[in-house]
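S.K.: Position chains U, S, H, F and X against the provided structure of chain E, taking the given hints into account.
Which chain is which? The protein sequence lines are E, U, S, H, F and X, in order.
Residues 3 to 243 (my numbering) make up the first sequence, in order.
Residues 3 to 243 (my numbering) make up the second sequence, in order.
Residues 3 to 243 (my numbering) make up the third sequence, in order.
Residues 3 to 243 (my numbering) make up the fourth sequence, in order.
Residues 3 to 243 (my numbering) make up the fifth sequence, in order.
Residues 3 to 243 (my numbering) make up the sixth sequence, in order.
One copy or two, it doesn't matter: identical chains are merged, so the pair holds either way.
Here are the simulated DSS-like pairs of lysine-lysine, each with C-alpha atoms no more than 27 Å apart in a straight line:
{"id": "1", "residue 1": "K233", "residue 2": "K160"}
{"id": "2", "residue 1": "K160", "residue 2": "K174"}
{"id": "3", "residue 1": "K160", "residue 2": "K223"}
{"id": "4", "residue 1": "K223", "residue 2": "K233"}
{"id": "5", "residue 1": "K174", "residue 2": "K233"}
{"id": "6", "residue 1": "K223", "residue 2": "K236"}
{"id": "7", "residue 1": "K174", "residue 2": "K223"}
Simulated from the structure, these hints should not be mistaken for lab results.
Number of protein chains: 6
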Amino acid sequence: MRILVVNVNTTTSITESIGIQAAEAASPGTEIVPLTPEFGAESVEGNYESYLAAVSVMEAVRAYPQPFDAVIQAGYGEHGREGLQELLDVPVVDITEAAASTAQFLGHRYSVVTTLDRTVPLIEDRLRLAGLLDRCASVRASGLPVLALEEDAEAAVKAIVEQAARAVEDDKAEVICLGCGGMAGLAERVTERTGVPVVDGVAAAVTIAESLVRLGLSTSKVRTYAAPRPKTVKNWPPRWV
Amino acid sequence: MRILVVNVNTTTSITESIGIQAAEAASPGTEIVPLTPEFGAESVEGNYESYLAAVSVMEAVRAYPQPFDAVIQAGYGEHGREGLQELLDVPVVDITEAAASTAQFLGHRYSVVTTLDRTVPLIEDRLRLAGLLDRCASVRASGLPVLALEEDAEAAVKAIVEQAARAVEDDKAEVICLGCGGMAGLAERVTERTGVPVVDGVAAAVTIAESLVRLGLSTSKVRTYAAPRPKTVKNWPPRWV
Amino acid sequence: MRILVVNVNTTTSITESIGIQAAEAASPGTEIVPLTPEFGAESVEGNYESYLAAVSVMEAVRAYPQPFDAVIQAGYGEHGREGLQELLDVPVVDITEAAASTAQFLGHRYSVVTTLDRTVPLIEDRLRLAGLLDRCASVRASGLPVLALEEDAEAAVKAIVEQAARAVEDDKAEVICLGCGGMAGLAERVTERTGVPVVDGVAAAVTIAESLVRLGLSTSKVRTYAAPRPKTVKNWPPRWV
Amino acid sequence: MRILVVNVNTTTSITESIGIQAAEAASPGTEIVPLTPEFGAESVEGNYESYLAAVSVMEAVRAYPQPFDAVIQAGYGEHGREGLQELLDVPVVDITEAAASTAQFLGHRYSVVTTLDRTVPLIEDRLRLAGLLDRCASVRASGLPVLALEEDAEAAVKAIVEQAARAVEDDKAEVICLGCGGMAGLAERVTERTGVPVVDGVAAAVTIAESLVRLGLSTSKVRTYAAPRPKTVKNWPPRWV
Amino acid sequence: MRILVVNVNTTTSITESIGIQAAEAASPGTEIVPLTPEFGAESVEGNYESYLAAVSVMEAVRAYPQPFDAVIQAGYGEHGREGLQELLDVPVVDITEAAASTAQFLGHRYSVVTTLDRTVPLIEDRLRLAGLLDRCASVRASGLPVLALEEDAEAAVKAIVEQAARAVEDDKAEVICLGCGGMAGLAERVTERTGVPVVDGVAAAVTIAESLVRLGLSTSKVRTYAAPRPKTVKNWPPRWV
Amino acid sequence: MRILVVNVNTTTSITESIGIQAAEAASPGTEIVPLTPEFGAESVEGNYESYLAAVSVMEAVRAYPQPFDAVIQAGYGEHGREGLQELLDVPVVDITEAAASTAQFLGHRYSVVTTLDRTVPLIEDRLRLAGLLDRCASVRASGLPVLALEEDAEAAVKAIVEQAARAVEDDKAEVICLGCGGMAGLAERVTERTGVPVVDGVAAAVTIAESLVRLGLSTSKVRTYAAPRPKTVKNWPPRWV
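Okay, chain E solo, but in the shape it has when bound (with noise of 0.2 Å):
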């Protein structure tokens, strides 16, 4: 099997260590290839990077050669899950969603936590529309922009520590998403800090990607999530794509 896992932003480092983490989640015999979108911003933290992202994302899928038998969205809080639905037969697993879902399995309420403030009304938005929004006890920022988790490791490691152990003591959540990168020990140290589980969106993404394919299961294709009309798309893609 094999299963693309698509990095949201231009930063291929990113790409990389979004990589090792699917890698690391996969089970033997799937093959992760993570890909780095051919334009687009360093690091999505806001609508318009992220409207960009979401075309980005959708470009740099369609020009990896199939066969490929799943998608995995790889930014937090992002638009363009559902084009991707739209484009392509196989499934399309949202890291968002996943953490969120795998989270509820584990625990009455969740809490998510990312990196800038800003960003925390998209992770809600999108976890509104995925209908995940009911258990969800808080999104709660570090404050750190996503390329300082790659600066100062250990700054930001703390700052993330600091949130979820706000969000288990004040707001009551049992489970924590993680809704940013993959730092090295991140999970461990807040599972030690808070005593609670500790969902990586990608990895929680590969599990349920694979288990899709596995089922024989894809996107719906009757209403939704249908194949674009043929239809006229003027001066798209661009050249470089």
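M.R.: Just chains U, S, H, F and X now, with coordinates in the frame of chain E:
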């Protein structure tokens, strides 16, 4: 006052009729500037096309020379409004939200009548996120694609009027929002048949944009719609924009 | 265009400042007619007074000679708008709903700052019924009664600015609706302190009423707001009206 | 124990039948005092009439000499209960809420059958604010006005029974609340046809009022329903009250 | 009238105090029969114990000789009420729902104060399913286990009063429901400290059960609570029942 | 990896077919252990039977010798999952939630098709508590009891396929969850008729359980699902267990 009214598809005849509708609703002294995106589908009827439109509309607005006072995104149920709000300091009004918001001043519940059934969930999702779904009695589809509205206007009108009548009689709508482009006389025909007020999104959006400008109000920049952070954006925009 | 702006209490100095606010927001050519009810409380801060105001406002409007083009009910969180809609063929705009509806075009979530804590549930209930509560971050009270706004304006402004700041910082509001009468410079002071746009309900209502009139739209009469059925009404209205 | 049961319209024959219904439900030792308001419509079927009734009921209760132990507002879906709660120290029970609250002990979902279609949204709004709408399967109208219940009882019964049957069969209601006045045998006829329990709002309200009195419980005065603040109320009440 | 009041745990001293509370609330002529289940935990503070209690309560009621007129399940936030409704033709009242339903007649919002924090989600879930959560301001835990209420009543009272005060001040509750057993004077102490009405679930349930019996109403049998279909039930009930 | 799959009724032929379904969905290396409870009804079609099953399933799992890695509760819409989560340190997956959670990755809205109409509210309640109801288009009943699925498989299949078709056409479901046991070819028949993906709860639960185990995740023990506190449990379990 100058208001950009941006079509979401690349069909210029639709841009023209949107421009005419907008101009009819505008106050004396308001200049309406209709814009057509440089890239994208000839009609937007699904998520892939809508995400592409989101990005294309943003680039069209970014490329348009300042000054202008407000922007209207003239596509029903489409993605992208939040991105425009980040990019601009002037108010941004989406016609889906403008219509629903206006309808709520006119009756206890409203319905939307749109084109293809596959776009119904997109419209519902946009209204849900906008907090405008509680008083929505139904979103109904005429079954005719966007471009058919231009090709066989009479058939389109009949199908839309029929769904509007069912919304009023079966779903107890007291107001109809037209979730599709501007055919001459459509609103009159619907009102004649159903006896309820009919809201055109483009016209509603023009009055709301004018009102915001006159009140000196624009998008809040403290959190969700803060300007994008300065960062490297790779390979974007494409050369032709 | 002539718009009646009806105060909900019987204090004429408040009617006057409402009238001034309304006139400032009005377009050239719009005549603002401020009305004070014939009976009722000097300030409305609870349900008994609000129900009395509902009836008194309706009688004031019924007694005012035609023609006029729209009516604004200028009380925050008060009862009665639905009754006016039944009695009239012209549009009716409530300032609570006008403010919230306008705020939703400006930020992801809004808060209301009002006078006494006891009126908070009334405002919440009005917003809930109007389908405008989903994006309301909080309704906060300054703790000062309505008439105190006139007596010690500086203290009132301070208390309101303080609650607005807490709404932005603690409740994550991105827009503030002023749920209380027109003090000079209040909006400016709140914006200065919080950095967010501030919506005044009276001003917002004027632009919405003007917009509805210009669009040729008025209350739907097919169901909820149909004119009262012809019937015997005993002992009403009282002689002085 | 003395309980005031206040009609919302000025038709004394309806007051009488409400009084009889209430007396039948009352415990030994409970005195039922039926009251007719001094002013208002002969039947209440819309918001204007309902707001007028709200005020008229409040004045009727204020004018009635103490002591009494509880007040029942005997109109289905009407405004005003919150005002009574402010004015009084004794418990206030609205029959719409009493019926729904009782129905919820009897089945998974309940429906309301009422008179005219135009009153359906009023009832839904009252239930929504009361937090009693979640388990409401539907509010259905027989299409007959209030006074028709007295004029052609048999036709009224038939129309009501028919809607009750549709509520049970189509909407999956397990309990029916009668949202209209007391016709002899109506409940029996509905139960006979549908097999489900039928709740009469007046009877339910009597038992709830008695229960609150026996438990020594009354309206909380700490916030929403605190007594009106002392203030000047102009021109009110009218002379005849 | 005979009402069975069934404890959910197997501690007979608790059954006794429940019986005393129930008897104090009962009308003259009502016989209260307190029952202790044959099997189960000495106190119920979680789902395992609560499910066991559900079954044990059902067997206790099935084993009790007819006739009786109503059954009260006297555990806060416990499972099982729906099963009793299937087994019996007489009304069944759960004290969690009785308290909330009663509280809603007394104030705009209510809070529940209970024992251990771990039971808070159970209570919230019961209220959600009962459609009674909308007006719940909070469910708060005193931190003391059920049996501690008997061991150190004074400490328990203090902890409960403290949480009630925070519910009123911080969460804006206007009524308190006591989600724990009957300590002498607890309600008085809470009212004294907070100034709000306090609802005891057992007492509320007694008056509701009496009311339903007097109104001739019982559980609807058409769908959800129809009697179990005739079928083979293996190895049940256990020999000692 | 060893996964217990526990039937909720005492019919061993059903346990067997559940075991076969589970084994087909399991990865190589996963051992499926089907369990039948020691006591309870031959089929579970209502609350009484479901509560009994909840307890019986818990005892069956407690009696089964460690080690095992996960437990699946294989009854649609049944009580008890929360109790198992308290008792165990390994993950617990309910098939109702597994099916809905999986369906949400496949389409915008899903429907459930189950057996008897009386079980519909149980399923809806389970989905509501699980936070999985927002995207549920409908729960439909075929009208056939559980055991009929074994007795006249062809009639059962026809009735289920018919309801699935109505869910897709009338309720706009894009995915169907099978809320009933494993008949050969049922999923294929439904897909053939409706064109939408069909999710079997047992198969979905197996993949989710495996995923949780592989990710090293299990039930959070900090609050709702903490192990039962040490205490005296009287007369339990019965001797035969």
